[in-house]
Amino acid sequence: MDKSLQTQSIICVACPKGCRLQIQRDGEEVLVSNQGCKRGVEYAIGEMKDPRRMVATTVQIEGARHPLLPVYSAAPFPKARIFELLAKLRSLKVQAPVKEGQIILENALDTGISILASRDMEQ
Amino acid sequence: MKIKKCDVAVIGSGPGGLAAAIAAKQHGAKNVLLIERDREPGGILLQCIHNGFGVEIFKKDLPGPAYAQHFIHEAQSVGVEFLLDTMVLEITREKRIFASNKSEGMLEIQAKAVILAMGCRERTRAQVRLPGARPAGVYTAGTAQRWVNVEGFMPGKKIVILGSGDIGMIMARRLTFEGAKVERVLEIMPYLSGLMRNYVQCLQDFGIPLQMQHTVKRILGNERVEAIETVAVDDHWQEVRGSEEIIPCDTLLLSVGLIPENELSRQVGIHLDPLTAGPFVDNYFQTESEGFFAAGNVVHVYDLVDWVTGAGLRAGESAALYARDCLPMNKKIAVQRGENVHHVIPHYLDMGSLNQREEQLQMRVTKPLEQPVKVQVMNGTEVIASKALPYARPGEMVTISLKDKHIEPLKNAEQLVVQVVKRED
Amino acid sequence: MNKNRNFDFIIIGGGVIGCILARTLSRYTARILLIEKESDIGSGTSAANTAIVHPGYDAVPGSLKAKLNVAANPMWDDLAGELQFAFSRRGDYVVAVGSDELARLDELLERGKLNGVPGMHIVSAEEMRSREPNINPAVSGAIWATSGGICDPFGVTVAAAENAIMNGVAILRETVFEDFLWSGKQIIGVKTNRGDFTGRWVINAAGLFSDAVMHKAGIHPEFSITPRKGEYFVLDRTEFSVNNVLFPVPSEISKGILVTTTVHGNTILGPNAQNIDDKENKENTQSGMDEVFEGARKLVPNIHSRHIIAIFAGLRAGGNAACLTPGSDYKHDFLIEIPGEVQGFVNLGGIESPGLTAAPAIATYVVALLKDVGEDLHERKDWNPIRPARPQFRHLTHAERDALIKKDERYGRVVCRCENVTEGEIVAEIHSPLPALTYDAIKRRTWLGTGRCQGGFDMPRVTEILARELGVSPLEISKKNGASKFLCRPTKEEGDVE
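Chains as they are written, first to last, in the working numbering: chain E, 1 to 123; chain Z, 1 to 425; chain Y, 1 to 498.
This is chain E alone, in the form it adopts within the complex (with noise of 0.2 Å):
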């Protein structure tokens, strides 16, 4: 790889001001600058390092009112994972009655972050 700076610009969404900050990344070392605050230096090592999102899908439910159940995970999964994610949890099909908060898939693709219901769906 290059070992020269390679700068980037992302967009903040730490809070809704939308900084746009400006990124030199050296390695591991990451260089922020522009920034309203700090909470927008560590939305940029986070989105340099380890980019995640909270996803949120349906799954198939069986012998309940609807035919889809929406589900979401747990905690932000990482990005660069969320096709993936989605293609196995458009697999599954899970039976009803089922509870908010109840695990759909645990551990979703070895993350350790697991799938949760919603909501509740009564058979």
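Heads up, a few of these hints could be off.
What the hints assert, rightly or not - Some residues of chain Y that are not near chain Z, with every Cβ distance over 10 Å (derived):
id, residue
1, S140
2, E178
3, T285
Unchecked claim - Examples of chain Y residues toward chain Z, derived with CB under 10 Å:
id, residue
4, Y28
5, Y439
6, K485
It should be emphasised that the hints constitute simulated quantities derived from the structure, not laboratory data.
Heads up, the beta-carbon is just placed ideally off N, CA and C, and yes, glycines get one too.
Starting from the known structure of chain E, fit chains Z and Y onto it as the hints suggest.
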């Protein structure tokens, strides 16, 4: 016709209605009836399966259904009576509510206080006067959301979205998750109409192009959408000649604004503010028709559900007090919009309440102010309260609170003006 | 499908003309088939027009248009009573703004007298302002024509079609006329995409396509239909409405842009008039919408764009048939004839405005033409002229609603919140004599999805009900025909996506 009596009737069980019903019960209303047209309570939250709800109230990032579930459980546990799959058809000034459902036929509900919590509806194609053919495949973002997330069907494969409202951007990501190709999002204004967070996490993350100052010039396709012709617009919303582009697609989703749903309010004769399309309200969320309260997006469109819940709680408390004949009603001060303020809620402030609590004024600014600003509450030339903000944008609600320390300066005020102005410091 | 392929009358085209004609002919002992190329009857001009029953003062004196308009106008009360569709004879106004236009009112009054229109009165500016408080304050005077009315044009068409079916008429939709069957110079039937049908008489009621049909019959090569597009706005009745039918002073080519109330209570604005080439082009255009809006504001200045809840466009079937009255140089008359060149053919062409108004008189005119050429028409003793309307929840009292729901609980579930249309009404239309099989077919019959949210709320629910009642997947449900499906696949399809 069956007759039911209650202290407080709440119309709509979205976040505003749920909170209102809970609060009404907690503040001593004996029978609280929550009327919902759908088969289950929760309102539009049930189809908003994305995260981002509850950050203010629960300090958690919840999906919509989980946020609703919390309040559904709470409403059940405090003894709110649910009347589901029931459509309110008429409300009279005497607070008689006529509704229909399958199992009971027509119902007449006689309430001491009524809380309007019908939420809002989406602006449609005709309201933005989109030219072209009228094929299948033109949907509001919310309709598509219901199909994809609840009914289990995809409305299309190649999609163009008009409007950078939050639902539009969220649906761009959602459809991408389910394998559709979102060709682009168009926004006629030079700024985002939804939240920056949604731009980053719904569009930028997935490489979905957003074109500012672009709109739909023509919808093509007689049976099903075949393409959309787009065009750039200048700062005066005039089309830029030669900027037209044909984008082949099978679906056009519209995220072009929300309008408070006040058909029933109008029927009662409740005065509506043309700026918000919602009722004129005081800080109790009481409308100008005594005993009729309004909770949540029916008053004005909020940006975060947590604020809707807050408004619902206040409306529910006020309605319970009204039903018990103990809602204090004192001198009211009119609250007017000033510089850069599109509208401010409440329209009237009851002075007496400041003894007990802070009163929050909620507003939307008319245009983005991308520099330090201050929100000021003025009595003539006197600044009663001031709050500094790093910026102000139409997509994000701006608030300022009045407290007991403001009682003295407000004593002789007839009307307050709220403004958002640039900060020089 | 009807197995019988031999008929006495085959009508090409299921617009208001074809359907009222089918119903009129059904009172005689005859086997009748109506074919319609679209997935539903009344899908063309009959579905998108101004919905006016005209008094007849506009039509050129001496024209067939004038004669049939004036003859048909009084027939509407009985027609609406028998077929039980929405009709209101509330009179209409031609409103003059400024002194130049005021002078034109006398011409119109004179023309009305020549045409034999009853009940025309001049109304002063002051009187007009009191009758319609929203009128342009610069109004200079108006004509009040008491015989004017408004109707539900699609409602008439479907009610006539249903009554025809009740009386034995076969109606085949998605059945496209391809050519005639001949025996020498005698037309003996039609070729369609669903095979051949024979008939002693074939009747051209193909509206916009009537020119193509008569050319296939080898007559009137000079006749052509020029589609004339008209664009419209529908206003939210809770936001703004007028109480009357308001015409501007007409121009030579058009009655102008109206502001008019409808039987649904919504005010509509339009139409403009633009000649186009494409008979399928019902696009709204920016310039057309601007023209309509400006035109409407000339009559009613305080209409605001935020009042608009729907836009649509329709095509008038503008013909070029000469008026047959000696001395007339009018070139856009109705063409209604049993031509001498071919046998077994009744030819209708250029039935544009006032075609809707004239429809019942056109039907009796055709019957008279048939009798004139010796067709032996016997009235049936068992003919039933009554088409009972189905319950419309929004028009019932609370007590009536309660009773209806007790009989059929599906009337208790409101599917369209703006127009208060219930599941019971939707199901009734799906299983009616002429089943509603698409979203638009249900929309036009029940008026659901026409309110402020324009179907945003009801569309998924109607799709679900249609799928359930028809025993198909929601993926099969379409807006107006097979090519206009709403949905493309289940959210969770087996296997990979894309």
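Evaluated hints:
| no. | hint | result |
| --- | --- | --- |
| 1 | S140 | holds (31 Å) |
| 2 | E178 | holds (21 Å) |
| 3 | T285 | violated (5 Å) |
| 4 | Y28 | violated (38 Å) |
| 5 | Y439 | holds (8 Å) |
| 6 | K485 | holds (6 Å) |
Checked against the numbered hints above, the structure violates hints 3, 4; every other hint is satisfied.
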